[in-house]
Amino acid sequence: MVTAIERLTLTEYLSYENETDTIYELVNGELIPMSLGSGLHGDIAEFLHDQFRVEIKQVGLSWTAKQMTVGIQSPQKGRWDTCRIPDVTVLPLEQWQKLRSKREAIITLDEPPPLLVVEVVSESTKTVDYRAKRSEYTMLGIPEYWIVDPLAGKITICELIEGFYDTTEFTALDQLKSPTFKELSLTVAQILNP
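182 is the number of the first residue of the sequence shown in my numbering; add one for each residue after it.
Because the hints were derived from the structure by calculation, they are not lab data. Here the structure is a predicted model, which is why all the values come from computation and not from measurement. All clues stand as given, with none of them false.
Simulated pairs of lysine-lysine, DSS-like, Cα-Cα distance not exceeding 30 Å:
1) K363 / K279
2) K247 / K335
3) K358 / K247
4) K247 / K279
Modelling step: build the complete structure from the supplied sequences, incorporating the hints.
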C-alpha cells in the first residue's frame, strides 16, 4: 500500500507546529527535516557567523548575520512551495528588523534577497547544496553564495554576475576573496578547522 505524502503550502508551513525541536525546510510542499550535521558542520557555521558579525561591526555596515534562523522562499515551477534555511544568512539590519516582527523569519519572493548565504555541505546534502540550492539562489538573485565543503576540503564562492553565478574554488591555505566582505581575511584551513 502506498501512502500519500501530505504537502503543505507556504502559509501552512509558516503555521506548522509539532512537539519536537526539529527544524524543517519545505521542499515542493514536503517537510524535510534538517540534519544536525556533524559537530564540525555546526562549528563551521558558528565560526563563519561570528566572523561575519565581527567584520560587519569593524567595517561599520548596517547588516547582520544569522545562523539557521532565516528562511528563504524559493521559486519553484510546480504548484508546491519551497522554503530553504541556509546555515548562515547575511542581510541588511533593516530587513532583519522587519522579519523578526513576524512569527517566522521568512524572506518571501516579493522581498529583496539576502546579501550572502552559506551552506555547509554534509554527506546527505551534497547534491542539494551544489545543484538545487545553487539554481534556486541564482533565480532569487542572491549576490553571493558560499558552498563550504569539509568533505572535499574546499570552499566555493559563487558571485552573481548578469544573472548567473561565476564560481571560484579555494582550498587549503588559499585566502578567500569575498565580493561582499572585501576586507575579510580567512583561509580555507581556518574555516574548515575552526
